[in-house]
Amino acid sequence: MKFHPFVIPFIAGVVFLLILIVFRLKQWLKGLDRKQHFFVKQNFLSLKTLYAIVEVFRESLLHFKIYRKNPVLGYMHMSLAFGWFMLIVFGKVKSVLYAGSFFEPMWLSIFFNFFVTSNEPYPYAAVMTFLMDFFLLIVLSGLLIAFVKRIYSRLVGMKKTTKHILIDRIALVALWGIFPLRLFAEASSSALYENGGFLTAGVAQMFSENFASIVELPLWWAYSLSLSIFFFTLPFSRYMHIPAEVVMIFLKKWGVKTNEHHSGFTNIQLHACAKCGICIDACQLDFAASQKNVQSAYFIGDARYNKLTEDVVNNCLMCGRCHEACPVGIELTMIRQQYRNKKEMPGKLYYNYVDLNGYHANVDIIYYAGCMTHLTPGIIISMKKIFQAAGMSYWFMDEEKGVCCGRPLRQQGFVQQAKDLVHKNLRMIHGANAKLLVTSCPICYVSFKEEYALQIPLMHHTEFIESLIDDKKISLESKAITAVYHDPCELGRNAQIYDAPRNVLKHLNLKTSKCEKNNGLCCGSSLSNAVLDLDHQIKVRDNALNVLLEKNPDVLVTACPMCKKAFTHGHKVAVMDIAEVVAKHLNEVKTKKQLSEKPEMITFAK
Amino acid sequence: MTAVDVLVIGGGPAGLESAYSLANNGYDVAVLEKEKNICGHLNQAHSLFPNFQNASEVRSAMIDKMTHPKISIHNDTEAIRIKRDIDKWGVETGSGKEFMAPALLLATGFKSFDPKYKEELGYGIYDNVITTTQFEAMCQKGSIVSPHGQKVKRIAFLNCVGSRDEKVGNHYCSRVCCINAVKQSIEAKKVLPEADIYCFYMDIRMAGQFYEELYRKSQEVYNVNYIRGRISEVSPTIDKRLHVKCEDTLSQTPMKITFDILVLMTGIEASLGTVALGQQLNISGEYNFAKSLSLHMADNYSSHKGLFLAGTCKRPLTLPEAVADARSAAGEIKNYLKTLKQ
Numbered sequence: 001m002k003f004h005p006f007v008i009p010f011i012a013g014v015v016f017l018l019i020l021i022v023f024r025l026k027q028w029l030k031g032l033d034r035k036q037h038f039f040v041k042q043n044f045l046s047l048k049t050l051y052a053i054v055e056v057f058r059e060s061l062l063h064f065k066i067y068r069k070n071p072v073l074g075y076m077h078m079s080l081a082f083g084w085f086m087l088i089v090f091g092k093v094k095s096v097l098y099a100g101s102f103f104e105p106m107w108l109s110i111f112f113n114f115f116v117t118s119n120e121p122y123p124y125a126a127v128m129t130f131l132m133d134f135f136l137l138i139v140l141s142g143l144l145i146a147f148v149k150r151i152y153s154r155l156v157g158m159k160k161t162t163k164h165i166l167i168d169r170i171a172l173v174a175l176w177g178i179f180p181l182r183l184f185a186e187a188s189s190s191a192l193y194e195n196g197g198f199l200t201a202g203v204a205q206m207f208s209e210n211f212a213s214i215v216e217l218p219l220w221w222a223y224s225l226s227l228s229i230f231f232f233t234l235p236f237s238r239y240m241h242i243p244a245e246v247v248m249i250f251l252k253k254w255g256v257k258t259n260e261h262h263s264g265f266t267n268i269q270l271h272a273c274a275k276c277g278i279c280i281d282a283c284q285l286d287f288a289a290s291q292k293n294v295q296s297a298y299f300i301g302d303a304r305y306n307k308l309t310e311d312v313v314n315n316c317l318m319c320g321r322c323h324e325a326c327p328v329g330i331e332l333t334m335i336r337q338q339y340r341n342k343k344e345m346p347g348k349l350y351y352n353y354v355d356l357n358g359y360h361a362n363v364d365i366i367y368y369a370g371c372m373t374h375l376t377p378g379i380i381i382s383m384k385k386i387f388q389a390a391g392m393s394y395w396f397m398d399e400e401k402g403v404c405c406g407r408p409l410r411q412q413g414f415v416q417q418a419k420d421l422v423h424k425n426l427r428m429i430h431g432a433n434a435k436l437l438v439t440s441c442p443i444c445y446v447s448f449k450e451e452y453a454l455q456i457p458l459m460h461h462t463e464f465i466e467s468l469i470d471d472k473k474i475s476l477e478s479k480a481i482t483a484v485y486h487d488p489c490e491l492g493r494n495a496q497i498y499d500a501p502r503n504v505l506k507h508l509n510l511k512t513s514k515c516e517k518n519n520g521l522c523c524g525s526s527l528s529n530a531v532l533d534l535d536h537q538i539k540v541r542d543n544a545l546n547v548l549l550e551k552n553p554d555v556l557v558t559a560c561p562m563c564k565k566a567f568t569h570g571h572k573v574a575v576m577d578i579a580e581v582v583a584k585h586l587n588e589v590k591t592k593k594q595l596s597e598k599p600e601m602i603t604f605a606k
Numbered sequence: 001m002t003a004v005d006v007l008v009i010g011g012g013p014a015g016l017e018s019a020y021s022l023a024n025n026g027y028d029v030a031v032l033e034k035e036k037n038i039c040g041h042l043n044q045a046h047s048l049f050p051n052f053q054n055a056s057e058v059r060s061a062m063i064d065k066m067t068h069p070k071i072s073i074h075n076d077t078e079a080i081r082i083k084r085d086i087d088k089w090g091v092e093t094g095s096g097k098e099f100m101a102p103a104l105l106l107a108t109g110f111k112s113f114d115p116k117y118k119e120e121l122g123y124g125i126y127d128n129v130i131t132t133t134q135f136e137a138m139c140q141k142g143s144i145v146s147p148h149g150q151k152v153k154r155i156a157f158l159n160c161v162g163s164r165d166e167k168v169g170n171h172y173c174s175r176v177c178c179i180n181a182v183k184q185s186i187e188a189k190k191v192l193p194e195a196d197i198y199c200f201y202m203d204i205r206m207a208g209q210f211y212e213e214l215y216r217k218s219q220e221v222y223n224v225n226y227i228r229g230r231i232s233e234v235s236p237t238i239d240k241r242l243h244v245k246c247e248d249t250l251s252q253t254p255m256k257i258t259f260d261i262l263v264l265m266t267g268i269e270a271s272l273g274t275v276a277l278g279q280q281l282n283i284s285g286e287y288n289f290a291k292s293l294s295l296h297m298a299d300n301y302s303s304h305k306g307l308f309l310a311g312t313c314k315r316p317l318t319l320p321e322a323v324a325d326a327r328s329a330a331g332e333i334k335n336y337l338k339t340l341k342q
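Here the protein sequences line up with chains A and B, keeping their order.
Mapping the first sequence onto the working numbering, position 320 (from 1) lands on 320, and the numbers just tick up by one.
Mapping the second sequence onto the working numbering, position 67 (from 1) lands on 67, and the numbers just tick up by one.
Rather than coming from a laboratory, the hints here were simulated on the basis of the structure.
Please note that the accuracy of each hint is not assured.
[Said to hold, decoys possible] Within a straight-line C-alpha distance of at most 27 Å, the following computed DSSO-like cross-link-like pairs (lysine-lysine) qualify: (1) A:Lys-401 <-> B:Lys-256; (2) B:Lys-256 <-> A:Lys-572; (3) B:Lys-256 <-> A:Lys-163; (4) B:Lys-116 <-> A:Lys-401.
Values in this document were obtained by computation on a predicted structure and should not be read as measured data.
Extracted from the complex, chain B is given alone in its bound form:
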């Protein structure tokens, strides 16, 4: 049994940032991370939108902060069961360890939509249909190659895969994919200046600082083609490239284009941990994201005393938003612990 002041479930950017903020305020914090490494989805990022900052810089800064003496990081430690005593939260983990603290912060984050549910897009069937995460890994290596060894002449990015899609049950917008597609298409063009880049969208949503400018730049400087229309069907060509059927809904023309790589901009869903713990704690809201007490007034609170929420376990957020939300959660927890002492 480990007793601390605050227990943070989830060692992604939100969990780590709140842990650091709380530690700086003199609280003992334990961070429970189910994976081998901390930093969550940031580990899969090469560069960050909208300023192309290297993700590794942000990662090492985060890891540096975790050397704080008041923070203990527990890797490979998945929170399985959460119990509540009077003014105390207890957490049982998969590895059999037990933790206890007066305040609990849920920062269990998101997972990417599994594109196998959109079978018509051919993910898992054709090797050159990949997710945005896989494309990011290619960028990290600095080589964008087709799995069949051909020279990559044409790349397609498809937005809203698993977002704003009634058929798969996700009606909401994941908010980060549009700008991420703009970023990745520029990355693609930087690696392969000769390649044609197409970006398929329903609406382009550029609601962030410098987003619109980047979108414009991608067209003016990098010649990225934007086509308003969804891809309806993907089939293989004889030389194992991809035939993509779609419609340009602005010019109302059906099209059939051949691509070497199709990148699916998979949307954000509540992570398995968010779903499981949310249901256990009875705070699951729309689409199984964790539900805060009040969006405008108490967004870091849950309906339980001493249980706080931070980051993308609540809804899709960009990295800066999640980190800011984590700091605000730390502030709320600090206030809460103070009132407990009185």
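Just chain A, same shape as in the assembly:
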């Protein structure tokens, strides 16, 4: 039997790793809630499993998503993951071919060149030797990029890389050691026994026979040890993402979803994060407001090691840009929400004192402006004008008395209070027997959509206005005004409404900005960040304004009262809600106020 004591650390590492992964997997699956369990059982033996395998191949090995973000970064991940995977596969094939049995000792494939020194013939020997060296070269090239990335991250399109903790650094050094050590170990053996391929034999030329005989054994020991260290540290370091991502992909394909409760699926996602740091570059709090160590890579890391602080949990705009950027597809915003949720007494009613009675029956449309819209009355009078121009009767649900939709409370973790408000609003909405609910606030829109289980259709006013134009109920005059549309986070990334506002604004000269649609920026006034002070909110806002105003538009159009207020206070451009633009450019009614062509800008000092 081929054996040498230096394989012991490797074997110990592998055994330890396997036991730990099985143990973790069991824990994770046990932690799934009932609904999530149901999906796993339901879809375990279905075509979805096959899709998951394809997805694992695409994302865990080839890393297509990262490749699309930056080819060099994609190649780096692909060469390390796929290259290593192929080394393992072909190593196994090679040793099976050599041994003529599938059940050769498992370390034979890993330390093949040490054990097989005579040039005994075995099938496809030359091809195998070539392939092994080829994939080793691929891995080494990826390693080189990874090394350069540490020093100069812009090479791979990243402004910043993640700061790592000690265990991650140990694992990283071990990982970086594995392949060069393997190269040199194989090269030393090749210098002695001429059993190398193009790469190892090439490197072997630098070794004198005497030198090779001295370093050979220490190099194989070092190779085995670095493998061992990597395997021992893997379950406790960021490299746990390798198995966790695979598990996550399977569960997702089976239909498991993240909900507001922390569960085993949350734990899987926490471990699936590679701390690659792509989310750091996406985060406006980082690049505009210099808030450090709160980005998702750090948040997830802290959550994994149970050292989350309130500040990290709460210092987030919940804009969803990191979620959009994450190459692994971890539901970062939702997970942060889980950590914000306060423990509440279920069933306790917090808003008993709110007395809402009476609702209008016999109207088709309910209009709910929302609290924030009440602070921007320009939007409300515009909506009234649009309803009137379209000849539609409606009930203005929160005109006099009304309660909040609940979302700001929910985002701060007050789930039970939010549900209490939902209950109150729902009673009014469904009591009215209307056919449609229109809201002017994207925050309310997302709330209604996700938390209300509404029995009637829901529209944000951008969609509603679009439908009025499509149905020819209103029409707009073309204007030679240049405009840029700002996608509010809630309406864009959270509700996926991108086309409706652009269709509505066709009557203007609509310009694009660098950050459009799912790459849209947050205005900085997000209600979901209650800890960011005003100075830093302003930094986020001004940075966003600079991007949005690159083409010097006459007017900045948005569809959220919060964004409108924030950008107006930036003193840089006329800011209008889409409803105000439409009300101003209506064909039917021409009032005195509409006669001025250019949007009116509030005077300001520059």
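Based on these hints, arrange chain B on the given structure of chain A.
Chain B in isolation, oriented as in the chain A frame:
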């Protein structure tokens, strides 16, 4: 090219007062005023706090002084570019005229905060939300009326609109609005004795001679109601009056009151001229007000030799303060011109 001893930019109370003082001392002074009329914001005042002196009296006194032979007034003349030669200041104006003098006095004053930035207050959206300036004009006419013709039963004054407000970027106190609101609420009561007057405030700041007495009088004699709390939201009623949401923070009760008129006590900001010239001359300080060389020791000096500052281009001031500051600036300029001759 007009050459004089002193160039004064800004024909408001500060600019005019220093011009007169310098002229009395024998210097040729040119005053550049961008508007049609001199006297600046004083033109919009009906009566002055704290003694209710008629603003027109003060205005005509000022205009009389400007007949001094050593003073030339240039209306509709906006200073656009300021150049500096050795010991000489040159000013190019929008109308193409050029002026030159060894000393330059910046008296470009203030502007009122534009309340459209506080959209929740409904200015520019509801006709009966007006500014303190518009209310002063009503007092001037002697009729306080709602734009919709209803009888005015209830008027609200809201302090600190654009002052002490982080959201709009003005952290400072404008100093004059509190006492002005007290004055205007008494004026309102004089015109409409039956009306209820409410004054919403964060703090009442009565740091001036006779201010506190007037504040007390407004409550004891004129029954003005003072409510500590900001107005959060304004919405229209069916009959086009105003629903105002606010909180009385002393009794901790949220309130909703209907008003016929809401008067916004808009704060003081650096005027557009102060901002533009301040930046051009590199003397812009906090909130774009012009920065003096030393607050306690050289408040009329700037960091440039021969460039002097007077009045509200530096910070919010009351009328007597601005005028006194103008006289002190004239004294400093006189000293400076003397040293030049030696």
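Going through the numbered hints above, which ones does this structure break? Give me the numbers in ascending order. Violated hints: 2, 3; rest satisfied.
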